[in-house]
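*Asks:* Listed here are the chains, written in short residue letters.
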Amino acid sequence: MILIITPENRQKYAGYLEDMHRMRHDVFVDRAGWSELESPFKLEIDEYDTPWTTYYIKLSEKGNVMAGIRTIPTVYKSMLANFYYPKFPDLFDPEALPADPLVWEMSRYFVVDPEYKTQSGHAAKMELYVGMFEHALEQGAKALCGVTESYIIARALRLGWSVNPLSMPFEYSAPDFEGSMTAIKMDVNADMVASTRDAWKLSHQVRPEAINEIAPKPAHFRASDYVLLKEFAEKRPDSMNDFHKMIKMLSSPDSSQRNLAEGYLDRWIEEALSEGLMFDGNVSPSSTSVN
Amino acid sequence: MTVNSPLSDFIKFQHKLETATTVNEITMLFADYAKPMGVNYFVCAAIQGAYCTPEMSRMLGYNDSEWSRHYMANKYYLDDLVIKYGAIARKVFTYEEMINSHDMTERQKLIMREAHDFGLAEGLVVPLRSSDDHLALFSIAGRGFSNDPKCRGQLHMGAIYAHERALQVLDGAYEIGGVNITKTQHDVLSYAALGKTDGEIATILNITEGSVSKHIAAVKQKSGAHTRLQLGAILRSGRLIH
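Chains A and B are the protein sequences, given in the same order. The opening position of the first sequence corresponds to residue 1 in our numbering, with each subsequent residue numbered one higher. The opening position of the second sequence corresponds to residue 1 in our numbering, with each subsequent residue numbered one higher.
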């Protein structure tokens, strides 16, 4: 089943969101070695994890996070316009970069199964994508965009997806792997959802809302708090042990311990704000225009 | 040779591709697109899957060039490192990158040397795995482009979209008993009609036995046949079986 966490139900499912950020840290930092994303809290969170971000999380029957992806309307700050374009300006046409409430950017796709081609990994990916397409369609989105491995484009075209590049490919290499990425935009419509379901032999409902509710999993978790706390903690390496202690206490079965930790974290957040630290994801739509 | 607006040039090419209705047209369009970058030869060939048959594997490109004839006459495809490496490569690679990362046999060295003599001084290879059943290699050769990132990008994208358009054209060319089928489905049925088992067809086409069953099931669904017997009747009416 795919849990869709929107700005509206975020509080209700904050616990799953926290699990997802922890899993992202495990996948991207611990396994893939993206050290620039490392966080002392072992939660991978960036400035695109905003209050307007929607998350699609594939849960196992036991409620464990198996895969995930996020979307954000490109009228807000997008990775394409603010990260990739500045990094590879010669490969993009800046006028083609979307800044539209109905064009959503996809990013941070992950599957926990390290060999995603195994039966469980492959099924998780297919459900995740179909769940995202159907939700986007329902919400009136007309296209999705993002950066993908270039070899995926041939597969996507064969599935009948209308994929158009927003950049020329940019090649990358790391000690253990190399590849090529391309920014793309793809139309979302009922035909592509149907043809994808057909090609992937996916006839069952992937979103539980239509069948039964996923039990709430509330938690004292706000992504923006951890972005601030990470910055705050980095300025105080001596206090790192205290931070870790408080993070651990947040999941203590003892409510007094949890309350104590929440109090500390709230105080640190207040201190961070008073020092002028800002959560960069809180940008207004009007300030995000690419041109 | 440099290219000023990689994305806009590609988009123009992409729009032209949409109007192409034959593989020859696609070949001509790609030639026009790639020539200003220094490309004088290209071929896109299936190396795995239903298009990987003697008559169909070379999907588009300069199949009748002097080098192509020499290559085929000497059966270089049996040893060519481009094919062996391309089958496992995860990304685009140049001849130079391939040569530098492999110990080549004497015959492989001969192939590369002769290619050079035929004017294929440098090359770029784009592996195209468009499904679990299909892998094609788009090999592009000439002079002066493979180390230019903009040309590499343009050719890489051009190869992806030209290959997909070729598949669409080839797929659209098959119909049996009034039912449109894909080239893969056509090949599976052709061998089935000759009495081959699913296992034999899988071996011939280099796909899994499960895929063979799926292709047959898909045609049954399209044609309204419930059994292979009924499918056989439709195939006979469509003159696949005489």
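Incorrect hints may appear among the rest.
As the list claims (entries may be wrong) - Now the stretches of chain B that chain A is said to cover, found in silico as 3 or more residues with beta-carbon under 8 Å:
hint, stretch
1, 129–141
2, 151–164
Claimed, not checked - Chain A side only, calculated, beta carbon under 10 Å to chain B, not exhaustive:
hint, residue
3, P86
4, D90
5, A96
6, A99
7, L102
8, Y109
9, I153
10, L159
11, G179
12, T196
13, S274
Claimed, not checked - Taking lysine to aspartate or glutamate pairs in the EDC-like style, the calculated list, with each CA pair at most 16 Å apart, reads:
hint, chain 1, residue 1, chain 2, residue 2
14, A, K42, A, D242
15, B, K109, B, D132
16, B, K150, A, E171
17, A, K201, B, D132
18, A, K42, A, D30
19, B, K150, A, D93
20, B, K91, A, D93
21, B, K150, B, D9
22, B, K150, A, D90
23, B, K91, A, D242
FYI, nobody ran anything at the bench for these hints, they're computed from the structure. Predicted model only: the values in this text are computed from it and were never measured. Beta carbons are placed, not taken as given, at the ideal position from N, Cα and C, and that holds for glycine.
*Asks:* Count residues of the stretch 129–141 of chain B with a Cβ under 8 Å from any Cβ of chain A, then say if the count reaches three.
*Replies:* Coverage by chain A holds for the stretch 129–141 of chain B (4 residues, Cβ < 8 Å).
*Asks:* Hint check: B/K150 vs A/E171, CA-CA at most 16 Å. Holds or violated?
*Replies:* Roughly 11 Å separates the two Cα atoms, so the pair holds.
*Asks:* Under 10 Å is the threshold here; is the Cβ of A/L102 close enough to any Cβ of chain B for the hint to stand?
*Replies:* At about 21 Å, which exceeds the 10 Å cut-off, the nearest Cβ of chain B leaves the hint on A/L102 violated.
*Asks:* Is B/K91 within 16 Å of A/D93, Cα to Cα?
*Replies:* Given pair B/K91, A/D93 is violated - Cα atoms ~24 Å apart, limit 16 Å.
*Asks:* Quick check on the hint: A/Y109 CB to chain B CB, less than 10 Å?
*Replies:* Check failed: Cβ of A/Y109 comes no nearer than 17 Å to chain B, outside 10 Å.
*Asks:* With a cut-off of 10 Å, does the beta carbon of A/I153 approach a beta carbon of chain B closely enough for the hint to hold?
*Replies:* Holds. Min distance 5 Å.
*Asks:* For a C-alpha distance cap of 16 Å, please report whether A/K42 and A/D242 respect it.
*Replies:* 15 Å, holds
*Asks:* For the restraint on A/A96, tell me whether the closest CB of chain B is nearer than 10 Å.
*Replies:* 7 Å, holds
*Asks:* Hey, B/K150 versus A/D93, does the alpha-carbon distance stay inside 16 Å?
*Replies:* Satisfied, since the Cα-Cα distance of roughly 13 Å is no more than 16 Å.
*Asks:* Going straight from one Cα to the other, do B/K150 and B/D9 come out at no more than 16 Å?
*Replies:* Given that 16 Å is the threshold and the Cα spacing comes to 11 Å, the pair holds.
*Asks:* Are the Cα positions of B/K91 and A/D242 separated by 16 Å at most?
*Replies:* The hint is violated at about 45 Å.
*Asks:* Decide if the proposed pair is consistent with the structure: B/K109 and B/D132, CA atoms, cutoff 16 Å inclusive.
*Replies:* 31 Å, violated
Comparing the model with each earlier hint shows violations of hints 3, 6, 7, 8, 12, 13, 15, 20 and 23; every other hint is respected.
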